[in-house]
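**Student:** Read off the chains here:
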Amino acid sequence: MPSAIPAGLTRAQLLELHYFMRLTRSLEERLVGLHRQGKVVGGLFRSLGQEADAVGSAYALSREQGDILSPLIRNLGSMLVQGARPVEVLRQYMAKAQSPTCGRELNIHFNDLERGFLGQISHLGDMVPVMAGIALSFKLTRQPRVGLVYVGDGAMSTGAFHEGINFAAVQRLPLVIVCENNGYAYSTPTRAQTAAAQLMDKAVGYGIPGVQADGNDVIATHAATKAAVERARAGEGPTLVELITYRRKGHAEHDSQPYVPAGEIEAWAGKDPLDLHRRRMLDEGWATAAEITAVDSRVERELDEAIASCIDEPFPEPDSALQGVYANPPRAEREWYRQMPTAQSPDRPIAQSPNRPIAQSPNA
Amino acid sequence: MPSAIPAGLTRAQLLELHYFMRLTRSLEERLVGLHRQGKVVGGLFRSLGQEADAVGSAYALSREQGDILSPLIRNLGSMLVQGARPVEVLRQYMAKAQSPTCGRELNIHFNDLERGFLGQISHLGDMVPVMAGIALSFKLTRQPRVGLVYVGDGAMSTGAFHEGINFAAVQRLPLVIVCENNGYAYSTPTRAQTAAAQLMDKAVGYGIPGVQADGNDVIATHAATKAAVERARAGEGPTLVELITYRRKGHAEHDSQPYVPAGEIEAWAGKDPLDLHRRRMLDEGWATAAEITAVDSRVERELDEAIASCIDEPFPEPDSALQGVYANPPRAEREWYRQMPTAQSPDRPIAQSPNRPIAQSPNA
Amino acid sequence: MPEITYLEAIRQGLWEEMERDPRVFLLGEDIGTLGGAFRVTEGFLGHFGADRVIDTPVSEVAIVGAAAGAAHMGLRPVCEMQFIDFISCAYSILTNYVATARYRAGLSVPIVVRGPCGGYVRGGPFHSQNPEAAFVHTPGLKIVCPATVRDAKGLIKAAIRDEDPVLFFEHKYLYRRLKDDLPAGEEILTPIGRARVAREGTDLAIITYGAMVWKALEAAEQLRQTDRIEVEVIDLRTLAPLDDEAIVAAVRKTHRVLVAHEDTRTGGLAGEITARISELCFEWLDAPVKRVCAHDVPLPFAPTVEDFVLPQTEDLVAAARWLVRY
Amino acid sequence: MPEITYLEAIRQGLWEEMERDPRVFLLGEDIGTLGGAFRVTEGFLGHFGADRVIDTPVSEVAIVGAAAGAAHMGLRPVCEMQFIDFISCAYSILTNYVATARYRAGLSVPIVVRGPCGGYVRGGPFHSQNPEAAFVHTPGLKIVCPATVRDAKGLIKAAIRDEDPVLFFEHKYLYRRLKDDLPAGEEILTPIGRARVAREGTDLAIITYGAMVWKALEAAEQLRQTDRIEVEVIDLRTLAPLDDEAIVAAVRKTHRVLVAHEDTRTGGLAGEITARISELCFEWLDAPVKRVCAHDVPLPFAPTVEDFVLPQTEDLVAAARWLVRY
Ligand SMILES: Cc1ncc(C[n+]2csc(CCOP(=O)(O)OP(=O)(O)O)c2C)c(N)n1
Ligand SMILES: Cc1ncc(C[n+]2csc(CCOP(=O)(O)OP(=O)(O)O)c2C)c(N)n1
Ligand SMILES: [Mg+2]
Ligand SMILES: [Mg+2]
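Chains as they are written, first to last, in our numbering: chain G, 116 to 479; chain S, 116 to 479; chain E, 276 to 601; chain C, 276 to 601.
None of these hints come from the bench; they were simulated from the model. What you are looking at is a predicted structure, and each value in this text was computed from that prediction instead of being measured. C-beta atoms are modelled at their ideal positions from N, C-alpha and C, and glycine is treated no differently. Just so you know, nobody snuck in bad clues.
Using C-beta positions, here's what the derived DEER-type ranges look like:
| id | chain 1 | residue 1 | chain 2 | residue 2 | range |
| --- | --- | --- | --- | --- | --- |
| 1 | S | Met455 | E | Pro578 | 21 to 27 Å |
| 2 | C | Pro466 | E | Glu317 | 54 to 60 Å |
| 3 | S | Ala349 | G | Arg257 | 50 to 56 Å |
With the Cβ distance kept under 7 Å, some of the chain E side facing chain G (calculated, not the full set):
| id | residue |
| --- | --- |
| 4 | Asp326 |
| 5 | Gly340 |
| 6 | Ala343 |
| 7 | Asn371 |
| 8 | Arg379 |
| 9 | Pro414 |
| 10 | Gly415 |
For reference, chain G alone in the conformation it holds in the complex (with noise of 0.2 Å):
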């Protein structure tokens, strides 16, 4: 007989987890092909390894309940299961016109507010103080919705991520802040980030609780995010949970990591999150071999058909540039360059004298 499931999840909802976290894996495997094919345009990302970090945590959010949640580059676990299509990363990555930002943006940089995902910048810690407003409009307007925002272990040491925790914090906002604490920000391991024992004590001096959870144990994630999002919908504030995984890839695909020490990777490789989910359920007689077979071909199926339906999309038409810096005007000025040849002087009389002094030209 199976053992009881944690976190009071059921059996449909572990194969559901199964089934984001190699979503996850496999949409971003797709895309390392379709760089390789020259078919991604700019970098990517990987979050080989973090996926039930990202995929655990955001599942804890209430769909519902219209929570809302903004990720990092590496968390398009969350954004997937937000109810992001694997076809809008895809036309994202390839700069397609009919992509979420019309070949604005790259990557996962795109939101859908409906869904409960808001784009990050790329200026880090930024989405702090952001995802803190979307939570107070939570608060002011007594709607018992929940804020989600993830920093790593490197926006944490941004002015950005200070002022936006603290005032979620003193305003008790309905906002939690996962911290992903994936050792590395770039090349620069924790240890070089900061001199904290752990992320968590941050909490401390934004006088907030903070908690840990193995960041690589989908399970685990999700019942720390969960009590944090209780806490929050419960109008108790702000939680600082630190989810402790490892970015197995370099920090985008042309990264190769020379600054890591030998066998780090492969240790973590021996607790990939997507192994441990699937032993546990077999062990645990949660899910049958057969189900999480159906799960795994089911998001290739799906992958298949997101990629052919996109692949051979154009790229925006260039006019389309024009559109929509302000709401008005709707349209910005096209250059007076680019309105050749049908610019003309305006109305200047044909032989008007030149404004120069002529004989004090040494040119003339």
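Position chains S, E and C with the ligands against the provided structure of chain G, taking the given hints into account.
**Tutor:** Frame of chain G; chains S, E and C with the ligands shown alone:
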């Protein structure tokens, strides 16, 4: 027989602490008078009730070894300890040509790195990373010098504070961060500034020690800071020292403190740092009333002289304002409209026709 | 028709918009109990409550970021910078997050960021700034700068109603010095993006904004009396987007232009305006466009040096004479 | 004479100055073990040690602030911004603290802040910026922007030796695409504040800087071949302080001027240059000064839209033809 003096202080030093506190208070009182006479240009900031925190902490630095501090607006006392002269402060407040900043900056925003103080700028928080840089220079050049930077309960909410203290902590720089918790940032009480139970808790998140002391007890502020300075000098990195005190006057002279609960100011007036220190010196037999009175008279005499020596000095010459934006060029350009009437239209032939299409001009 | 100050006009505009639209709320440092460093929001906390008048920590990035997030969700935040000089702390989030949100992500950010700007008040280098140049450069932001009591009210109301982020720079020199009668019943709304002819003239135009409008008007009056020169004064009111039509009309009418502002010359807005004139109506110029701006130094504190660095009425007079004689 | 890249020139410049002057040290994100995101400081940590090549947290304010403090004490810090887009985070401390330190307090701040700027690389809105306009506006800062391999080396060395704070914007499009032979023995120092005539011509001048210099040269060549138009190309090299003499000389020689840059038009540096031309040599103009700049939108990512928004060689050609026919 007098009891033993704590914190390794001598009788002479106790009197000196009194001198600096008295000098701070009387200088500010003189400034109030000058302000009422219309002699002070701009706002006037008081540290009434906070003299012990500024003086005691600065006194923990070594002037022989070349320690450097950066004060905030309420740390006049710390600058006096480092050797700033009352006449400099007076000139600053009266915007005199001979003021240390030649009338360019306000109040105690001036500096002398030789004597060991670096003036703040108005933007709160910025001095923390700058002082981290000064401490970094000590570390890189292997000098046993220490930096000290003051932050208020308000300034601690800035991103600059966070980035600066974190950098200092992770680099183990010889920097002491003194947090003056005086209950308010302008009108904002500390509980609306942060949810942290106490400001020293913020040290935890930076992995450095946090300590607390009674900010109105000059011996306590001295002792707490001294331990932190010694730690820094020994290469053990930064300490956050929280000094608990109270701002008995308004944010600036014009602020009537409508936001302060009744009785609060009076309660703190009962813990006046000058009174406390004087009473203790007398009670413990560390000083005689005559000695203390002599110090007080000396202060008033010095201030009389200082005021007399500068009160009639002129403002700076107008065009002195053009000097010194860059090392090179040393002088900014005088604007063309101030070069009248000698300014001429450049090499323009007198009868030159303008370049306007005359035929089309509605006003020709 | 009671006479009110420029400051009171802003206060009234905020108040009316908060009464009209429950989505409008305020956030900033010391705006609640204290009513703001200049008392612009005095009485708001009592009337609208702590949910709509939020005292924040000393955190300009949090103020602007939180406003942006709340605006995404349909609210209408108005942020106060205690002095506009501290908007520099929020420069990154304003130019990178707020300004681009609609363009890159289809997100609305109807926020207003307002605060006291400007010099002539012995504020020194960090309480006298004019930060418009740093933001005019950023597509996605609108910037307004009222010179009159009427526009102070009309523009704050229009800014709050605008769907785009608006920076509202109010000149602290004018706060209590400038007074005017405003009709009590009428709803005052000044359209964003439209300049105003502050004085008609034919010999020369001074294009300017903010407190400098009053110096230009003073100079114009003086020039009429002493030199019989008729000066047109254009009060831009909106700095982004600029009102090209009004600029061109003034050039076509007068053929001689001074562009004046209190901000330093190099990289200031006057350069942009000069370039637009060159591009749009070069042939209509009888003389070079000249700038009257502050000297290129940080603003010093002492009266003598502050007055030297900043452009004064006499400078406009001298410059105008030069230009008319050109 | 080995051929080296623009990136290698910066690397050599840094290296030589660190060898020459023990006060020079580097700080930035990932500059040590990794050698920087673009490997500009590859090998420096091993050679100079961890005291002179400091990996910092992700904290641009701390990087700049700490550099300023160390500079006060006589050191010569060189800060790296991983992408120059993140210099916006340090906007306040740079414009308020660093830029004013000498003026208000007599403090020296001989720091360099360098990093990769610029587009044409599919970097999207936050990895392609050209931040010069926001800083040109601030008295107290110097700004350089090398276009050539030689100046990349000569300017980084000059910047480090300068007594004033210098922002050094290196164009990432040029990093590995641009190559040149540099004499091995000679010490290369490019004077700050001096522009360069990149190509002589008599019919029209294109005043520009950075990567756009190469587009201007391309356009010039094309215009010679197809239209027999001789274009002078001015490479400003230093953006603050501007080289007025070089600008005026080009106007006097050609009477027709395009000011071009990759940054957006409104509030960009081209406006300032146009205004200076108007002020300094209006009579020498046979046509309005025209600007060729990016469209006033955040820089979008996809190739089609990025290429549309940014000025291209053909745009310079079209604009030049228009101007010559004027
Ligand atoms: C303000 C800012 N400075 C620098 C960068 C450049 N940068 C991009 S990602 C990164 C490291 C981020 O590390 P972390 O926050 O730990 O996230 P991770 O990549 O590990 O998921 C850096 C420094 C940035 N994006 N924003
Ligand atoms: C970045 C920034 N934002 C706002 C201000 C305006 N301001 C000046 S003093 C002050 C309050 C400071 O409080 P605190 O740090 O506690 O110092 P205290 O006045 O109590 O000594 C504020 C908000 C500022 N100077 N800098
Ligand atoms: Mg990380
Ligand atoms: Mg305080």
